[in-house]
Amino acid sequence: MSAFDVMSDTELYQPVTVEDAVVLASRLAENAWLVAGGQDTYGWLKDRAKNTQAMIELSRIPELSGIKRSASGIEIGATTTLTEIANSKLIQQLIPLLGEAAQHVASPQIRNVGSIAGNIAQDTRCWYYRRGLSCYRAGGNLCYADTPEGMNREHCLFGASRCVAVSPSDTAPALVALGATIVIADSSGNHTIAAEDFFVGPDIDITRMNILKPGQIIVSIHIPADPEINVRHYFEKVADRNVWDFALVNIAVSLEMQAGKITKARFVCAGVDCKPYRLKEVERYCENKAAGSETAEGAARLAAKGAVPLNHNHFKIALMQNLVRRALRG
Amino acid sequence: MDIVNYKQDVWGREVLLGVSWDLLWLILMFAFLFIAVHAIILSRGERTELPSSEGARLVRHLMADRLFHWILAASVIVLIVTGVLPVMGIKFSWLTLHWIAGLVMTAAVVFHIVRSLFFKDLSLMRIQAADLDDPFDDAKKSGKYSLAQKGIHWAMTVLVLAVIATGLLLFSLMTTPWWSRDNWMSETNLGWTFVVHGLSTLGLVGLISLHIYFSLRPEKRFYTRSMLKGWISSDEHKSNHDTDLWLPQQETERVRESD
Amino acid sequence: MADTDNYQHIGKNFVPPDVVGKVTGRAKYTADMSVDGMLYARMYVSPIPHGRVTHLDLSESLALDGVFGALTADDVSPANSADRTILTNEPMYVGEPIFAIAAVDERTAENAIALARITIEPLPFEVDPLSSLQAGGANAHSGGNIYVGGQEGGLKELKWSEQELQNFINQQAMPDEAINEWHYGSLEQGFADASVVIEEPFVTSGYAHMCMEPRSTLAYWQNGKCIVYGSTQSQSFVLPYLAGMLGIELKDLVYIGENCGGGFGSKIGPYPSMAIPVFLSKKIGRAVMLRVTREEEYYIGTARVGFQGRVKIGFKSDGSVSAVDLFIVQDIGSHSGGGDASSAGGAISILYQPQAMRFRGVPVLTNTTPRGAQRGPGQNQIAAVMGPIMDVAARQLNMDRVEIRRINAPDSDSRIGGKQGPVTSAYMKQALDLGARMFDWDKKRAEKTASTTHKVIGLGIGQGYHSAGAKGFDGLVRLTPDGKIHLHSGVGNLGTYSYASTTRSAAEVLKCSWENCVLEYGSSEASLPWSSYQAGSNTSFTHSRANYAAASNALEKIKQIAAMVLGGTSAEYDVARERVFNISTPSKSMSYAQVAQKAIDLGGEYSGASYPDDIHPVTQIAVQQIAGSGLIGVAKDKLPQEGTVPGLAVCYMQIELDTETGKYEILDHVAIAECGTVVHPQGLYNQMSGGAVWGIGLAGYERHAYDSQNGLPANVGFYQCKPPTYLDTPLEIKVGAVDIADPQSPYGIRGIGEPAMGCASAALMSALSDALDGQLFNQSPVTADMIINLVRGELDAENTSGVAFNPQMKAHSF
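Protein chains in written order, with the working numbering: chain A, 1 to 330; chain B, 1001 to 1259; chain C, 2001 to 2814.
The set of hints was computed from the structure by calculation and includes no laboratory data. What you are looking at is a predicted structure, and each value in this text was computed from that prediction instead of being measured. Among the hints, a few may not be true.
Straight-line Cα separation of at most 25 Å, DMTMM-like style, residue types lysine to aspartate or glutamate; simulated pairs [claimed, not checked]: (1) Lys2429(C) <-> Asp2440(C); (2) Lys2484(C) <-> Glu2605(C); (3) Lys2455(C) <-> Glu294(A); (4) Lys1007(B) <-> Asp5(A).
Assemble the whole structure, with the sequences as input and the hints as a guide.
Written out as structure tokens, the structure is:
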């Protein structure tokens, strides 16, 4: 082990069509690393904590980028930058939740190059894992964070299964709350999957954060949006710093309203589970209730039900409760 | 092909990670080959009339032992499925099932050990010098258990105890409803624990494959039935066992009740 | 107010010559340099917190194409004490360099490192000082767990009984045994006089210096001379120490440190890794560049000392401090260093003027990154501790919080430290008053009402102190026949522009236009005089004096030459607009250019052919280099000076805290400098603002986090270490200055760097406590999770909120 800072030798492929990218990804399979903005790539590779024989750069494929109106909502290309999403009038109009979430990612510099697909498919930020230690998630046989001595302030409340890492994404909970679907391409064609099902916990696959397999590429993200439906969105991120930081806890909320009452609710948090965590009890509780302080208090009590805190992250329970309260209080 | 895998420990030193799961395919291949060869050879041999299952029913396995066997079998199957399928690429939430099955198996094994040591005649399972002729003397009949059965039993005993001992160690390193995990074991010892756990698992996979194969073979099927229903017929007894060495009781109402 | 109206340069803004390069990106730092045939070095750093290298085989590494050589601990002088070494066979912390390899590029060097075969036998380690003091706790160093400074000092072992430890932790009693101690007055009497006694524990975290430019070094040898490009705060000060480290003569060393992308106390002088490319270059015979990575910077870049301590303070009924008893266990990391604790005591002694005081400290070694001075080392940690404690006292005494600070504020008759020495001057009351006016304290305090929502307002006041001046260094100026006035500054360019602003004294003496001044700086080849270290807030005071001395020497020579050429005595001459003229007959005059030419003709001391023998060898070499090129003004600062030169600062802060998220916004921020005459208003604004941001970092964001089971540091990157960002700091920082001249500086100038930070830390801690009804955190930094925990009234399993002092509340805990 050493403090490496220079990437090992790697081949770089720069396809300009999705077809070529899929062929390459399929051929190179686990020997390839997909890169768009590179914000979760170069740290790994320069530290040599992860190595790859080849990189497939996706940011030169025009059809992977862009935001457009579709019949049922909005379609966002995989390599569309977070800045483009945050600044999109269409998104601000129809799905402001995603715009807000994108606006809160990292820093302007990172948003300028970071892609939406990269943001949702990014790896966890557990510092032990990022250090290149051979923990469960890295294919090893133990967890260094979930110990009495572990520095686990940023780790999970839910879904721990040997690994206690969390999903660090700001846009992922927003997409789950919005009921988005993700289009994935591979050699057998395109596949669509609900954003919620895209993410995987350590109980099922401890070395991956999502269902993307080698050879597969995220092509686009579809977000349903019906201007006829009255929706209320809420996004809040609490991080130590207001710029260039990962959420301690964030919350994305989408409420469908009718006659002042919540008809359908989605509450999703990141920073508390290895995948975006849906607060299903809160969602059920809110249905057919008016948004307001009373509902907020009731919902807040359910917000962190079932949480299993680690030594240093008890505060996340109160934080989740408070964020639910704020989302409903408006 | 590697037998074990290595990793770097927290301070960058090379330590054992665990068994190389490539061995699983090797074990499965050997088991399949053995079964295939064995089945072919036996299918070419003279077909002998199977002893009749009619007639007097002699007690081979009491209810308690049958229950133990099937609980053990179920837990082992669950353990293998939950332990091995994810390694083979079939992803599902396996860990909780795995350790629950492991605890069930441990409890069953403890029960069996206590029962065997204090309530049963352990000598029936002891491998005697005389047993060693078994494979070379077709005419020779065994007592309650043949050398092969005793061999499988003791091999299973060693593997199961190894897998339980290492499993319990690994269990102590997990967060459970009763305790939170810590890394009390050195990574070197952890590697060894995983290696032994993995190797014993692989051994069990092989052994159980053979065990299932034999239990399904026509000439052995009555043993399977006996493990389900408890009895063998008098004919089956006579054709396979030396009545001097093992003379089971007839199944009676009393025996049935005592089950 | 200091009267700067009659000054041409002092108190006026100007643009230092390096500014354009800094803002356009054209400025070159060491890592930007390139020399023909240059190789790149990379280091292998320890993965283990404490161990012994038992086997090192570099044969495969060296056999790799493109690899030119390696340097191991066996090639450099071995460690025989707790001092940091260049390379080591007994790494004391994760990240300590063990060997280095030079190759055609960094990739090859790293590939070679990956091929090295190394075995490191683990040794006992400890990352928490209290655990090391505990009987049975591991010693960080094989030789002990305590580092004692001084001649009789060295490594020692100190263990506390379980009872002593528990007493310390549970506030029962302070331990009997301390390593460092000073006191004055009668504590007993002080506490007897007190009507309020407050006793509080505290923990302040260590954290990295976070230099934007990692400490890269380029070195090569040419004609027997060693040329080193480095990143240091100081320039001339580096020379003798670097020469000593390299084992070469001063005259054989060329050191270039033109720009320093942040040192913050960690690059005051040469540091061990500078020697790696030098020795590799000597071994291989080619130039070697060592570009230190961000991660390595966190390992070898040193860090602030962490405190775990207790303070007991007595207040008389009028609010004056009657006694202070301070005990600090300080985490000094893996190697010797860190006088922070005693400095913390000194800061209390001046800022609050206790009638009696005792300081005791125990410097404990831990297997964590080495510690060193970081802006206000000790003073700024204790400022953060004391801010809210003074508020508690004010509340208990029913006094205004500004008033209690005014009552105790130092003035020019105040005394400091264990020896109770004098200060040159001090105007803390004026600073508090100016700040209160700019902040509108009375109005804000009156408007603050109990909040009924989750948004609460907190008002904070903070005070900062650091000694801010030294004496006895050299100045050097030169007039050349082209009419230019060369101001030679041996001061390092650490980013404060003091290398330039201190030369304004010389320009002021010589009454020349700034446009005709040429600043010589950044390289020993530019013939720079011996200078103090660029640290300790001292440069402004120290080198304003040294420049004054040199320019006065030049002025005298100018007048003498005028008298020689134009007749009369030198007393009959004065200077203006770069001419020397006869006071009664102004038409009898010479230009500086003519004077310079005459000086060359005259030789001797005028041209630098001879020079005073009391100047430092570094200055002597500098003068030798430029002798004969003009009129040389050179002198050692022998102006009278007595007592400590205090730099003082005050900060007022208003925050709005969201108790549901633990986040807060700084709504108003006023920073007041009490640093004598303001020499450079824009520079002062930058100092106060930069200090404020950093202070916010100390109080709210930055800390080390170590995994105690494995001795691993959790934060080795900018994003993990969390220095405050643009959106975490106030939109506007209002800066004011008391601006009263110090009598011991020719232009009344004192330094200000460090207190600018301490006062902001204290103000934020004070404001947070005020927002939460006076609750104390007793810990810095105070992060969002701690606030949430405090508000919900629950503690984590490991008590991260720090409400009570708990054995688990370790300095390295999140």
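Query raised in the report: Taking each numbered hint in turn, which are not upheld by the structure, reported in ascending numerical order?
Result: none
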